[in-house]
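Visitor: Sequence:
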Amino acid sequence: MLALPASARLTFTQRLQQKAKVQLKQDKELDLLVNGREPEPVPAPKPAPKQNPVPPKSAAPAKKQNSVAPTAPAVTKKTENVGGRPIAYTTQIGWRVKFFVGGGSRADKENAQQAGHDFKRVFPDVPVYMHFVSPHWICVAGDFVNKEDADALIRKIKASGLLGTKGMTVVKSRVKVPIY
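The opening position of the sequence shown corresponds to residue 1 in our numbering, with each subsequent residue numbered one higher.
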């Protein structure tokens, strides 16, 4: 007689119950129709041995850990090199000035890059971000916590007269806020 592995002796419904953790209740005739034979009894799995939750006492005393509950919510802190020095910052909802919107072509990407370079040339201290939000290339500038500060940047851009201000708007965005 040929010895078969336990998985080969199981019927279809028994394998399904083991693999998918499904409970099937059906009569004997339906079971014969699905499986083609009588199911063999499956031995119940052995229970795992109980583990002692208390660790054994050792000769050396355990070191006490200093656990202090935080008083403020945790801040996700990131660092970025700006001007050769690392700056720690967090992100929050704020405002940016959208100054360019183009299409989705390669030429529009180059136009967005050029618009970002032109903006940086006129306002070198204001961060510029270029994003592709399908199907548009978008350039935004600034990291403002207050909408009034973003509006002030638009007034400053218009007063300079060096950049086109057609379609320039203030948009809500996730902005970088430095941690001091």
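Treat the hints as calculated values from the structure; they're not laboratory data.
Hints are not guaranteed to be accurate.
With a cut-off of at most 25 Å between alpha-carbon atoms, the simulated PhoX-like pairs for lysine-lysine come out as follows [claimed, not checked]: (1) LYS98 <-> LYS28; (2) LYS147 <-> LYS166; (3) LYS172 <-> LYS147; (4) LYS172 <-> LYS156; (5) LYS176 <-> LYS120; (6) LYS98 <-> LYS19; (7) LYS109 <-> LYS166.
Only a predicted model underlies this, so the values are computations on that prediction, with no experimental measurement involved.
Visitor: Take the hints in turn and mark each one as holding or not.
Guide: The hints, checked one at a time:
no.	hint	verdict
1	LYS98 <-> LYS28	70 Å, violated
2	LYS147 <-> LYS166	19 Å, holds
3	LYS172 <-> LYS147	9 Å, holds
4	LYS172 <-> LYS156	19 Å, holds
5	LYS176 <-> LYS120	18 Å, holds
6	LYS98 <-> LYS19	54 Å, violated
7	LYS109 <-> LYS166	19 Å, holds
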